Amino acid sequence: MHGLFFFSIVFLAITIMICSYRAVKGPKATDRLIAINVIGTKTVVLICIISFILKETYFIDVVLVYALISFVSSTVISKHIENGGTKI
Amino acid sequence: MKKSIALIWPGLLLLFWIILCEKYNFEVLLIGIVVAVTVYYLNRNFLPNRELKIHKLPLYALYVILLLKEIVLANISVAKIVLSPKINVSPCIVKIKTQLNSSLHRAILANSITLTPGTLTLQLTDDELVIHCLVKENIPDLVDSKFEKLLLKIEG
Amino acid sequence: MKTMLIYLLMAGGLFFFLVGTVGLLRMKDVMTRVHSAAKCDTLGALLCITALILYSGGGFVGLKLILVIVFLWTTNPTATHLIGKAELKRQQNADNQEPFYWNEVEDHGDI
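Residue numbers (the working numbering), protein chains in the order written: chain A, 251 to 338; chain B, 2 to 157; chain C, 2 to 112.
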């Protein structure tokens, strides 16, 4: 079962790298924000899987806090874009 | 009736606390009750204090099942569009009026439409939803929405 | 049997994550990117975490993972909705872009 988990975290890490291409290149600020949002969701699942590999259940508390912080950051940045924002 | 409503929020907070503690014994319960009641007392003006209708709960469960089914079907259709060698999408924006009255059910409808891939709620003013569709074939489903029918049944 | 189910669910979740990433790269427009990316994540996260719940075998860890799913499913559509709204406002404010085309739907009397 650990083989499956190791494969999953490597796979997720590769997809996160592909997403960060869009975050760096994306022509508009909104593109970057979408990419960051997707990376946040993937990181949540990644930390969940890592907590099962290391057999440390307190990582799941970290996951809960991470999900909320990622939501707050998306909210704030989208409000900033909505109110004019910086010219990117 | 009023007393039983007031106990729901502290109960939910206590359940949340016990799940976070991963065990239940006397001191966890004692601290949990104190913290839950204090948090509820400090935030009582912000929490919605509506009547809970017990006999509507099976309909809400039915709603969750319907939502899961729709999400799986729509996800597969979006995956087909993304993985096809030539992407043919016809994005468009539609305005739709809803017949729901309570703001909670309107918010549930808007969030369900956003959760279903292929449609995305952009704005929700009084009873008007502004929805972005990925393909034009989604529009008839939106006008004649299953979610809205079930929510109308819950309301009425 | 249970192992087989865990493998299947995890593979499905990873497949939907991959589809979301590919859509993020391939789509031409901002709105369509929102569709493909933020949506395939909902089912991907659900399937992956369901596999983990099966592996953990119930207990408090499973309840916590269900809480993670609840958080993700309430915050994700809200964040998506806010991004879409910001993009709509930005495109309405921009001068040199062609406006969105609106399809008015009128026949919604009998729902």
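Calculated from the structure, these hints are not laboratory results. Predicted model, so just to flag it, every value in this text is computed and none were measured. Check before you lean on any hint, since a few could be wrong.
[As the list claims (entries may be wrong)] Below are the SDA-like pairs computed for lysine to any residue, each with C-alpha atoms no more than 20 Å apart in a straight line:
id: 1; chain 1: A; residue 1: K329; chain 2: C; residue 2: L10
id: 2; chain 1: A; residue 1: K278; chain 2: A; residue 2: N333
id: 3; chain 1: B; residue 1: K154; chain 2: B; residue 2: L143
id: 4; chain 1: A; residue 1: K275; chain 2: C; residue 2: L10
id: 5; chain 1: B; residue 1: K96; chain 2: B; residue 2: K137
id: 6; chain 1: B; residue 1: K24; chain 2: C; residue 2: L89
id: 7; chain 1: B; residue 1: K24; chain 2: A; residue 2: L314
id: 8; chain 1: C; residue 1: K86; chain 2: B; residue 2: R107
id: 9; chain 1: C; residue 1: K86; chain 2: A; residue 2: L314
id: 10; chain 1: C; residue 1: K90; chain 2: C; residue 2: T79
id: 11; chain 1: B; residue 1: K70; chain 2: B; residue 2: L143
id: 12; chain 1: B; residue 1: K70; chain 2: C; residue 2: L89
id: 13; chain 1: A; residue 1: K329; chain 2: C; residue 2: L89
id: 14; chain 1: A; residue 1: K305; chain 2: C; residue 2: L55
id: 15; chain 1: C; residue 1: K86; chain 2: B; residue 2: D128
Checked hints:
| no. | hint | in the structure |
| --- | --- | --- |
| 1 | A:K329 <-> C:L10 | 36 Å, violated |
| 2 | A:K278 <-> A:N333 | 15 Å, holds |
| 3 | B:K154 <-> B:L143 | 17 Å, holds |
| 4 | A:K275 <-> C:L10 | 33 Å, violated |
| 5 | B:K96 <-> B:K137 | 13 Å, holds |
| 6 | B:K24 <-> C:L89 | 47 Å, violated |
| 7 | B:K24 <-> A:L314 | 18 Å, holds |
| 8 | C:K86 <-> B:R107 | 17 Å, holds |
| 9 | C:K86 <-> A:L314 | 26 Å, violated |
| 10 | C:K90 <-> C:T79 | 17 Å, holds |
| 11 | B:K70 <-> B:L143 | 16 Å, holds |
| 12 | B:K70 <-> C:L89 | 29 Å, violated |
| 13 | A:K329 <-> C:L89 | 12 Å, holds |
| 14 | A:K305 <-> C:L55 | 15 Å, holds |
| 15 | C:K86 <-> B:D128 | 17 Å, holds |
Violated hints, listed in ascending order, are 1, 4, 6, 9 and 12; each of the other numbered hints is respected by the structure.
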